[in-house]
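Student: Just so you know, the sequences run in chain order A and B. Mapped onto this note's numbering, the consecutive letters of the first sequence carry residue numbers 1 to 180. Mapped onto this note's numbering, the consecutive letters of the second sequence carry residue numbers 181 to 350.
Read the hints as simulated data drawn from the structure, not as lab findings. Among the hints, erroneous ones may be present.
Said to hold, decoys possible - Listed below are several chain A residues computed to face chain B (Cβ distance under 7 Å; list not exhaustive):
1. T94
2. I96
3. Q102
4. P105
5. G106
6. T123
7. S126
8. H128
9. R129
10. S132
11. G133
12. F141
As the list claims (entries may be wrong) - Keeping only pairs whose Cα atoms sit at most 30 Å apart, straight-line, the calculated DSBU-like set for lysine-lysine is:
13. K266(B) / K149(A)
14. K340(B) / K156(A)
15. K66(A) / K119(A)
16. K266(B) / K330(B)
17. K330(B) / K167(A)
18. K251(B) / K330(B)
19. K79(A) / K66(A)
20. K251(B) / K169(A)
21. K23(A) / K71(A)
22. K71(A) / K266(B)
23. K23(A) / K340(B)
24. K330(B) / K149(A)
25. K251(B) / K167(A)
26. K79(A) / K23(A)
27. K340(B) / K79(A)
28. K266(B) / K169(A)
29. K340(B) / K119(A)
30. K156(A) / K251(B)
31. K71(A) / K119(A)
32. K169(A) / K149(A)
33. K156(A) / K330(B)
34. K169(A) / K340(B)
35. K119(A) / K169(A)
In this text, a Cβ means the ideal position worked out from N, Cα and C, and glycines have one as well.
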Amino acid sequence: MTQHYLLWASGEDRPGIVAAVTKALFDLHTNLEDSSMMRLGSEFAIFLIMTSPSRVPAARLGATLKSLRAKRGLIAGIKEISARQVGFRPSRETCIVSVHGQDQPGIVFRVTNALSRRKFNITDLSTHRTTSGPAAGYILFIEGELPSKAAYTVIKRDLSRLASSMKTKIGIRRVDAEPL
Amino acid sequence: MPARSIRLFPDDILSTPCQSVTSFDSELKSLVADLWETMRASPGVGLAAPQIGVSLRVSVIDVGRVTMKRKIDSSYGGPIVIVNPKVLEGDGAQTPREGCLSVPDLLANVRRHQRVRVQYRNENGETQEISAHGFEALALQHEVDHLDGKLFLDRVSNLKTDLFRRTGSG
Numbered sequence: 001m002t003q004h005y006l007l008w009a010s011g012e013d014r015p016g017i018v019a020a021v022t023k024a025l026f027d028l029h030t031n032l033e034d035s036s037m038m039r040l041g042s043e044f045a046i047f048l049i050m051t052s053p054s055r056v057p058a059a060r061l062g063a064t065l066k067s068l069r070a071k072r073g074l075i076a077g078i079k080e081i082s083a084r085q086v087g088f089r090p091s092r093e094t095c096i097v098s099v100h101g102q103d104q105p106g107i108v109f110r111v112t113n114a115l116s117r118r119k120f121n122i123t124d125l126s127t128h129r130t131t132s133g134p135a136a137g138y139i140l141f142i143e144g145e146l147p148s149k150a151a152y153t154v155i156k157r158d159l160s161r162l163a164s165s166m167k168t169k170i171g172i173r174r175v176d177a178e179p180l
Numbered sequence: 181m182p183a184r185s186i187r188l189f190p191d192d193i194l195s196t197p198c199q200s201v202t203s204f205d206s207e208l209k210s211l212v213a214d215l216w217e218t219m220r221a222s223p224g225v226g227l228a229a230p231q232i233g234v235s236l237r238v239s240v241i242d243v244g245r246v247t248m249k250r251k252i253d254s255s256y257g258g259p260i261v262i263v264n265p266k267v268l269e270g271d272g273a274q275t276p277r278e279g280c281l282s283v284p285d286l287l288a289n290v291r292r293h294q295r296v297r298v299q300y301r302n303e304n305g306e307t308q309e310i311s312a313h314g315f316e317a318l319a320l321q322h323e324v325d326h327l328d329g330k331l332f333l334d335r336v337s338n339l340k341t342d343l344f345r346r347t348g349s350g
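Whenever a hint applies, use it, and build me the whole structure from the sequences.
Tutor: This is how it looks when you write it as structure tokens:
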């Protein structure tokens, strides 16, 4: 039976990290499925799902992690996950929330807290801090699922109030398109 | 006249819709001269008044700075001053990678019209109209956005897929 694993790894960014990790997966005879890999500051971080036609012995997984640490200085971990957690497709209407303005403490917390109170389920989030101007700017994008169609108006109103109190720009829009 | 400094994100003036121009006087001509001077001292092809700290619906555009050097699909109506511009119609789509002098460390994939027809006043107050396509149409839409208090950040959906760090930044 196909086994699913979540692997995460991070280490100081330099050429060859992705090749080293994917070679380790290849050597384990696992198949790379969804992944997200990015540089954050000076670090490179990897999150991926891999599958194997059968359970990989814990000792082999452990040896792989040890080797990635010893040869590449990567701190890594592997967790077995259930098949139902794989192959994510949004089950409800998807929305994008965008925030940009002057950096201030608590932006991500205040926005995500407002969304959480309305049962908005975040599926993707990324932030960027700009430092090119005299003041630091902050950009936040959130993708997530609405709990119901009616929730859109309520969340939009909540975010509009929050934008006024934070003196920042917060927008929400539906992600939809007509199938062709 | 020395070039003015360019306001950078997250300066509030960049997210504030600008006031329409009502007086086509020497003050406006002086603002336009400053816009040209500042734009020509920068690597940009367009500059809006809020980018130099003036919340008025005035922009200057000269895409010839780029289209003459590179083979870019674009109309070229020469250097233009647009005052109180209004996009009358737009059609077609393009999603080029766009930069902005006020957000110097990022580039973005922004969906824009391929062709636009824009009505505006020139610096003497005369009503004009321009039909543009390609890069010039993009520049017009980018400048009108500035005058509406919008940056390209308002038109992208995903930091990972739509925004790119500019070479040499961060």
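Student: Now, for every hint given, state plainly whether the structure supports it.
Tutor: These are the hints, each one checked on the structure:
Annotation: interface hint on T94(A) violated; nearest CB of chain B at approximately 10 Å, more than 7 Å. Taken as an interface hint, I96(A) checks out: its beta carbon lies about 5 Å from the nearest beta carbon of chain B, inside 7 Å. Evaluation of the Q102(A) hint against chain B yields a held restraint, the C-beta minimum of about 4 Å falling below 7 Å. Among the interface hints, the one on P105(A) is violated; its C-beta lies about 15 Å from the nearest C-beta in chain B, farther than the 7 Å criterion.
For the restraint placing G106(A) at the interface with chain B, the shortest Cβ-Cβ distance is roughly 16 Å, beyond the 7 Å limit, so the hint is violated. Because the beta carbon of T123(A) sits about 12 Å from the nearest beta carbon in chain B, more than 7 Å, this interface hint is broken. Interface restraint check: S126(A) against chain B, minimum CB-CB distance 4 Å, threshold 7 Å, status holds. At about 6 Å, the closest approach between the beta carbon of H128(A) and any beta carbon in chain B falls short of 7 Å, and the interface hint on this residue holds.
This hint is violated: R129(A) has a C-beta 9 Å from the nearest C-beta of chain B, more than the 7 Å allowed. With a least beta-carbon distance of about 5 Å to chain B, the hint placing S132(A) at the interface is held under the 7 Å criterion. The closest approach between the C-beta of G133(A) and any C-beta of chain B is roughly 3 Å, which is under the 7 Å cut-off, so the hint is satisfied. Nearest Cβ of chain B to the Cβ of F141(A): about 5 Å, under the 7 Å cut. The hint holds.
A hinted pair counts as satisfied when its Cα atoms are at most 30 Å apart, and K266(B) with K149(A) does not qualify at roughly 34 Å. Restraint check: the Cα-Cα separation between K340(B) and K156(A) comes to about 24 Å, which is no more than 30 Å; the hinted pair holds. Note on K66(A) and K119(A): the hinted pairing is violated, with a Cα-Cα distance of about 40 Å set against a maximum of 30 Å. For the suggested pair K266(B) and K330(B), the alpha carbons sit about 15 Å apart, so the restraint of at most 30 Å is met.
The suggested pairing of K330(B) with K167(A) holds, with an alpha-carbon distance near 15 Å, which does not exceed 30 Å. Between K251(B) and K330(B), the direct Cα distance comes to roughly 29 Å. Compliance with the 30 Å bound is thereby established for this hinted pair. A C-alpha spacing of about 15 Å is found between K79(A) and K66(A), which places the hinted pair at or below 30 Å, so the restraint holds. Between the alpha carbons of K251(B) and K169(A) the distance comes to roughly 37 Å, so the proposed pair goes past 30 Å and is violated.
This hinted pair checks out: K23(A) and K71(A) have alpha carbons roughly 13 Å apart, not beyond 30 Å. Only pairs whose Cα atoms come within 30 Å are accepted, and K71(A) paired with K266(B) is rejected, the gap being roughly 60 Å. Using a Cα cut-off of 30 Å, the hinted pair K23(A) and K340(B) holds, with the two alpha carbons roughly 25 Å apart. Taking the CA atoms of K330(B) and K149(A), the gap is about 28 Å. The hint holds against a cut of 30 Å.
A hinted pair counts as satisfied when its Cα atoms are at most 30 Å apart, and K251(B) with K167(A) does not qualify at roughly 42 Å. A C-alpha spacing of about 18 Å is found between K79(A) and K23(A), which places the hinted pair at or below 30 Å, so the restraint holds. Only pairs whose Cα atoms come within 30 Å are accepted, and K340(B) paired with K79(A) is accepted, the gap being roughly 25 Å. For the hint pairing K266(B) with K169(A), the CA-to-CA distance comes to about 24 Å; that is within 30 Å, so the pair holds.
As the CA atoms of K340(B) and K119(A) are separated by approximately 24 Å, the hinted pair is consistent with the 30 Å bound. For the hint pairing K156(A) with K251(B), the CA-to-CA distance comes to about 43 Å; that exceeds 30 Å, so the pair is violated. Of the pairs offered as hints, the one joining K71(A) and K119(A) is violated, with about 43 Å between alpha carbons and a cut-off of 30 Å exceeded. With a C-alpha separation of about 23 Å, the suggested pairing of K169(A) with K149(A) holds against the 30 Å cut-off.
With a C-alpha separation of about 19 Å, the suggested pairing of K156(A) with K330(B) holds against the 30 Å cut-off. Between K169(A) and K340(B) the alpha-carbon distance is near 19 Å, which keeps this suggested pair within the 30 Å criterion. Distance hint between K119(A) and K169(A) is fulfilled; the C-alpha atoms sit about 22 Å from each other, no more than 30 Å.
In summary, the structure is inconsistent with hints 1, 4, 5, 6, 9, 13, 15, 20, 22, 25, 30, 31 from the numbered list given earlier, while agreeing with the others.
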